[in-house]
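Undergrad: Each chain, letter by letter, is given below.
2 protein chains.
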Amino acid sequence: MRLASDTRTKLVRTALRSMHRTSFENVGVAQITEKARIPKGSFYYWFPSKEALGAEVIDAFAETGHKLRAQLLVADGRAPLQRLRDYFDHVIGLLESQDFETGCLLGAMSLEMAGRSELMRERLSQAFERWQGTLRDVLFEAASQNALPHDLDPSDAAAFILNAWEGALLRMKAEPSPQPLHVFMRSIFEQYLRCSES
Amino acid sequence: MRLASDTRTKLVRTALRSMHRTSFENVGVAQITEKARIPKGSFYYWFPSKEALGAEVIDAFAETGHKLRAQLLVADGRAPLQRLRDYFDHVIGLLESQDFETGCLLGAMSLEMAGRSELMRERLSQAFERWQGTLRDVLFEAASQNALPHDLDPSDAAAFILNAWEGALLRMKAEPSPQPLHVFMRSIFEQYLRCSES
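Residue numbers (the numbering used here), protein chains in the order written: chain A, 1 to 198; chain B, 1 to 198.
Rather than coming from a laboratory, the hints here were simulated on the basis of the structure.
Careful, some of the hints might be misleading.
Negatives, chain A to chain B, calculated, CB over 10 Å [as the list claims (entries may be wrong)]:
1) Thr-9
2) His-66
3) Glu-96
4) Leu-106
If you want the footprint, here are the derived chain B segments under chain A, 3+ residues with CB under 8 Å [unchecked claim]:
5) 26-32
6) 165-179
Predicted, not measured: the structure shown is a model, and the values here were computed from it.
All C-beta atoms, glycine included, are put in the ideal place defined by N, C-alpha and C.
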């Protein structure tokens with residue numbers, strides 16, 4: 001039972017690493033089983049389809065991000081917007097350690113697969129909503145401390161910040177350069193959230 | 001000569017339509033030549049590789065967008081920020097007419113191919129830079145009329161707005177819903193550019 005579960009997890013992790021580096025379509029079942037050192041024929045014992053594996057890859061990536069946010073955004077005495085800033089700075093540090101060559105698997109999968117797989121699209125939508133919920137909580141906390149512009153809706157802001165972050169990561173890949181991430185930080189914190197004025 | 005040029009254009013247009021609907025990798029050379037009603041064997045007479053075709057698909061998509069912006073953002077008596085708002089509203093209308101199922105080919109290609117094809121990445125980078133330049137011109141015009149917040153840098157704003165737009169389109173695909181586009185409009189014009197205060 002333990003071994004069985006290990007095999008499944010290994011397939012998801014191997015697929016995640018490969019798909020994050022390239023794309024869903026670029027990575028074949030044979031490539032995944034070979035890298036995971038699992039007989040190719042056994043793949044369909046674990047997953048009904050490559051699409052089903054893709055859905056679990058999305059869940060696994062989302063779960064890692066959620067744990068990181070739970071850890072970095074927890075109320076610990078720092079002001080809510082300071083925690084938000086520290087969280088994005090931390091992720092920029094992670095991206096830097098990967099030479100700005102990776103990015104967000106959720107974003108890449110959205111543009112590649114959301115229009116073609118309802119199963120994968122639903123998982124992407126759920127992952128974004130959960131992420132957005134975490135940001136929303138921090139922004140409502142900031143609003144309750146009068147640390148947000150009075151006319152800013154925290155729910156709107158959570159969606160906007162998440163989507164703008166995805167856009168910054170997209171542009172980072174096209175350049176390739178961390179510049180879009182720095183523009184994001186200045187634009188969100190100094191202009192949009194008007195931190196210096198709060 | 002005319003026929004020859006027509007064939008090449010036909011291949012680019014056919015590839016653009018198919019790749020815009022799915023992805024670069026999803027569309028094979030055989031599929032493109034079949035749809036364009038051109039013998040498969042002649043493809044490599046026109047393009048040294050599928051990657052070279054991909055680069056021209058990017059250029060063709062970028063050129064269409066550039067012409068649209070030249071037309072919609074031209075100084076015609078409307079205030080610069082009004083032109084900017086009208087431009088995004090117009091594109092949202094176009095996306096609506098396609099049931100919010102398409103999006104931006106430049107964004108999709110960036111996440112799918114920028115890390116794997118230097119040729120395509122360069123074209124994507126150039127296309128974004130040209131687009132950003134058009135937005136920058138409008139924002140500098142607004143700044144010269146004191147229509148921007150005094151501490152907003154028009155160059156930063158052009159990059160941020162373009163990238164945030166790409167992020168909104170990405171999220172639109174994941175939902176699928178126009179909601180991220182409406183959040184973008186409110187967040188950019190009312191909060192970030194503070195249009196109501198200008």
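Undergrad: So, for every hint listed, does it hold in this structure?
TA: Status of each hint after checking the structure:
Consistency note on Thr-9 of chain A: stated as away from chain B, and its beta-carbon is indeed over 10 Å from all of that chain's, at 25 Å minimum. The claim that His-66 of chain A is not at the interface with chain B holds, since no C-beta of that chain comes within 10 Å of its own (minimum 16 Å). Every CB of chain B lies more than 10 Å from the CB of Glu-96 of chain A, the least distance being 16 Å, so the non-interface label holds. Listed as a non-interface residue, Leu-106 of chain A fails to keep its Cβ farther than 10 Å from every Cβ of chain B; the least gap is roughly 8 Å.
Note: the stretch 26-32 of chain B has 1 residues with beta-carbon separation from chain A under 8 Å; the three-residue rule is not met and the coverage is violated. Counting residues of the stretch 165-179 of chain B whose beta carbon lies closer than 8 Å to any beta carbon of chain A gives 11, which reaches the threshold of three, so the coverage claim holds.
Hint compliance for this structure: hints 4, 5 are not met, and every other hint is.
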